[in-house]
Amino acid sequence: MKVRWETYLGAVGFLMLLGAHYVGLFVAPPEAMMGDVGRILYAHVPTAWIGLLTYLVSFIAAIGAMLTGKATWDAMVEASVEVGLLLNALLLIQGSLWGKETWGVYWTWDPRLTTCAIMVVAFGVVLALRKQIDEPARRLTISSVATIVAFVNVPIVYMSVKWWDGLHQNFSSPETVDSAMVTPLRAAAFAMLFLSTAFVVRRWRIALVQLTLEFDAPDLPDPSAPLAVED
Amino acid sequence: MTGMIQGGWGVVWAVYGITWASLILYGISLHLRERAQ
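Order-wise, the sequence lines are chains S and R. Position 48 of the first sequence, counted from 1, bears residue number 48 in our numbering, the numbering being contiguous throughout. Position 20 of the second sequence, counted from 1, bears residue number 251 in our numbering, the numbering being contiguous throughout.
Honestly, I wouldn't trust all of these hints.
Sample of chain R residues at the chain S side, in silico, Cβ under 8 Å [unchecked claim]:
| id | residue |
| --- | --- |
| 1 | Gly234 |
| 2 | Gln237 |
| 3 | Gly239 |
| 4 | Trp240 |
| 5 | Ala245 |
| 6 | Val246 |
| 7 | Tyr247 |
| 8 | Ile249 |
| 9 | Thr250 |
| 10 | Leu254 |
| 11 | Ile259 |
| 12 | Leu261 |
| 13 | Leu263 |
| 14 | Glu265 |
| 15 | Gln268 |
Computed far set for chain S versus chain R, every beta-carbon distance over 10 Å [to be verified]:
| id | residue |
| --- | --- |
| 16 | Asp36 |
| 17 | Leu90 |
| 18 | Arg130 |
| 19 | Val182 |
| 20 | Leu193 |
Rather than coming from a laboratory, the hints here were simulated on the basis of the structure. Each residue gets a CB set at the ideal place from its N, CA and C atoms; glycine is no exception.
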């Protein structure tokens, strides 16, 4: 049985993430204000970065699908939106647990949290639409438009901590973070990138098989058309 | 008194547990979906 390249990439990502999380949990120093609770950083921040990046892939794939009408781009929309939603949902769960410990509440209508919630709903609508529409060409068009519309919110999510005052922490940089925390954070981010890429590619292959069959299927006669009667 | 939050390991373990469980279960779901084709 042939082992595909994304399997190796996923395995590397898995092992790297294991190592980065080990260092984040047991080697890196506690955060200056949040103490050991700050160790959530090594799971939460890479999930956020790679989640947004996955949505960027879905945006590019949606444009590709609109321009070409090809199943290969449409399959990438399906794959990247699904993986993006997984990371987005994880992000909200991780964040709400972190919020409860540091802010005292699981949820607050902070701009970053609110835009993240809008993001999960908007991309959730994309997948729901894809499930509802049977006709392949129509599904491609409608879900691509929905993906492009949903993506408008992604830069807003990223900039929300800059544009509005809220509880969520502002951007950090390697200059403002202890160097002992930067290395495991970067390693976890690359690990999540590798793992998510493996997920997207494998999901793309699964979707492509299904969509190619649908796109190539011969058109069936319209059931509502009148039957031709031969004399 | 340092102003640093004390404890909190329970929530840290919960976050890492949910993260790893989700990633592993999604990986398994992809494997099963591919095999079903």
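- Item | Structure versus earlier hints, numbers of those that do not hold, lowest first | Violated: hints 11, 13, 16 and 17.
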